[in-house]
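Participant: Each chain, letter by letter, is given below.
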Amino acid sequence: MNKIVKNAQEGIEGLEDGMTLMVGGFGLCGIPENCISALVELGAKNLTCISNNAGVDDFGLGLLLQEKQIKKMISSYVGENDEFERQMLSGELEVDLIPQGSLAERCRAGGAGIPAFFTPAGYGTEVAMGKEVRFFDGKPHILESALHADYALIKAWKGDRFGNLIFKGTARNFNPVMAMAGNITVVEVEHLVEPEELDPNTIHIPGVFVQRIFQGSNYEKRIEQRTVRSKS
Amino acid sequence: MLDRNGIAQRIAQELQNGWYVNLGIGIPTLVANYIPQGISVEFQSENGLLGMGPFPFEGEEDADLINAGKQTVTMLPGGSIFDSSLSFAMIRGKHVQLTVLGAMEVSDQGDIANWKIPGKMVKGMGGAMDLVASADNIIVAMSHTNRKGQSKLLRQCTLPLTGVKCVKKIVTNMAVLDVTPKGFKLLERAPGVSVDDIKNATEGRLIVEGEIPEMKF
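These protein sequence lines map, in sequence, to chains A and B.
280 is the number of the first residue of the first sequence in the working numbering; add one for each residue after it.
5 is the number of the first residue of the second sequence in the working numbering; add one for each residue after it.
Calculated directly from the structure, the hints in this document are not laboratory data.
Using N, Cα and C, we set each Cβ at its ideal position, and we do this for glycine too.
Any given hint might turn out to be false.
From chain B, some residues computed to sit far from chain A (all C-beta separations above 10 Å) [claimed, not checked]:
| hint | residue |
| --- | --- |
| 1 | M5 |
| 2 | Q20 |
| 3 | L34 |
| 4 | P40 |
| 5 | N51 |
| 6 | G63 |
| 7 | L80 |
| 8 | R96 |
| 9 | K127 |
| 10 | S138 |
| 11 | G167 |
| 12 | K169 |
| 13 | K186 |
| 14 | S198 |
| 15 | E215 |
| 16 | F221 |
Only pairs whose alpha carbons sit at most 27 Å apart, straight line, appear in this in silico DSSO-like list of lysine-lysine [said to hold, decoys possible]:
| hint | chain 1 | residue 1 | chain 2 | residue 2 |
| --- | --- | --- | --- | --- |
| 17 | B | K152 | A | K410 |
| 18 | A | K418 | B | K172 |
| 19 | A | K350 | B | K127 |
| 20 | A | K351 | B | K120 |
| 21 | B | K169 | A | K347 |
| 22 | B | K127 | B | K169 |
| 23 | B | K127 | A | K351 |
| 24 | A | K410 | B | K127 |
| 25 | A | K500 | B | K124 |
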């Protein structure tokens, strides 16, 4: 089995205007930098992007926002992005804000064949509007539905030609659950290795969820909040 | 009156040995600096780590190791990394014993608002709605009044809610209060703050019973 494609351009081949994408990452940590660049180059428009955050003005999904390629964002937290806030408040950009745990579980459910689930998160708030409420053990819960995507754009640390993936540090975040929920899951890795080099016991996401994989390049890995302590 | 660090230091007194604790962005993050002697706790960050350590030494920052506030952090021995779905399984499944978070408003029924000011500011709820809907033990860390001097402890929240009837305790720059079915119960005063000061700064129902001691540090 060989799922290797040459680069990000080949990775996102077939991606069209109006499609729904999942984009891994938390803040700028673990985002598919190569695929985002290729998407800017491709110029696909009217996209619905499911991603925990929306990048910053000049990096991550912020690059797609600048080019006005995104019609709708489904996220949990979108601070730190002025262009996003401007487009949202002016009504140019449709935004669906959902609790972070519900977002993660909705992606997981999409990949796991669970059409919907009940969660306590958001009960009694705007998030619950129009959603079925049911009590379990005397506590109210709201019905949340699974999310799916035409393409899931994923960043992993190591992977092989079968699509088996290992993530590093907190760059894991939403990447595994989104990898599960894409019709076409495209993975960029820092290290594309031979299958023998990956211990099956340590694989985070089995290749069955992955359709395309490529060796990524030129990672900037920008740090959003550089916080340090001095050695003295 | 307490400063931000004072609020964090007072909240740290609530920590119990063996607890897993989620600290929100802002004042709550500072709680980690005041863990009492002899107490061992593990910090959970909802982006996917347990056993979060202090900020890295200069030059040792790792872009692949951040907390939920997107700050570079370190891991302590015994720590672990997981995905966002498992992270919220821990939270909703009540495996995390304490959540500390900031707020714009809290009602005397324990409702909390901290994610949106209609027409002005919409940053999103992040993990706050999941946290407040599930955790049994929620402490709010905030200033008692806003920049205009208006009370943030209200009869009813005016901003869009993050969660209903969930806040158990509030530590402000002026007081420590429990949320009870009859309103905010005043437990402690900050140094130099009188009960009258607290009454004047609290719009919601305030219960004052007997002598109110000053906070001890």
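Participant: Beyond 10 Å from every chain A Cβ: check whether that's true for S198(B).
Facilitator: holds, 35 Å
Participant: Is the claim that K169(B) lies outside the interface with chain A correct, judged by CB distances over 10 Å?
Facilitator: violated, 8 Å
Participant: Grab the minimum beta-carbon distance between N51(B) and chain A and tell me whether it stays above 10 Å.
Facilitator: violated, 4 Å
Participant: Checking a non-interface call: every C-beta of chain A should be farther than 10 Å from the C-beta of L80(B). Is that right?
Facilitator: holds, 14 Å
Participant: Since K127(B) was said not to touch the interface, does its Cβ keep a gap of more than 10 Å from each Cβ of chain A?
Facilitator: violated, 4 Å
Participant: Take a quick look at whether K500(A) and K124(B) sit within 27 Å of each other, Cα to Cα.
Facilitator: violated, 31 Å
Participant: Please verify whether K418(A) and K172(B) have alpha carbons no more than 27 Å apart.
Facilitator: With a Cα-Cα distance of about 17 Å, the restraint between K418(A) and K172(B) holds, given a limit of 27 Å.
Participant: Measure nothing beyond the straight line between the CA atoms of K350(A) and K127(B); if it is 27 Å or shorter, mark the hint as holding.
Facilitator: It holds: about 18 Å lies between the C-alpha atoms, which stays within 27 Å.
Participant: Taking C-beta pairs only, is G63(B) more than 10 Å away from all of chain A?
Facilitator: violated, 8 Å
Participant: Holds or violated: is the Cβ of M5(B) farther than 10 Å from all Cβ atoms of chain A?
Facilitator: Its Cβ never comes within 10 Å of chain A, the nearest being 27 Å, so this holds.
Participant: Would you check the hint for K169(B) and K347(A), treating anything up to 27 Å between C-alpha atoms as holding?
Facilitator: The hint is violated at about 40 Å.
Participant: Confirm or reject the statement that L34(B) sits farther than 10 Å, beta carbon to beta carbon, from all of chain A.
Facilitator: L34(B) clear of chain A: closest Cβ-Cβ about 12 Å, beyond 10 Å.
Taken one by one, the earlier hints fail for this structure at numbers 5, 6, 8, 9, 10, 11, 12, 17, 21, 25, listed in ascending order.
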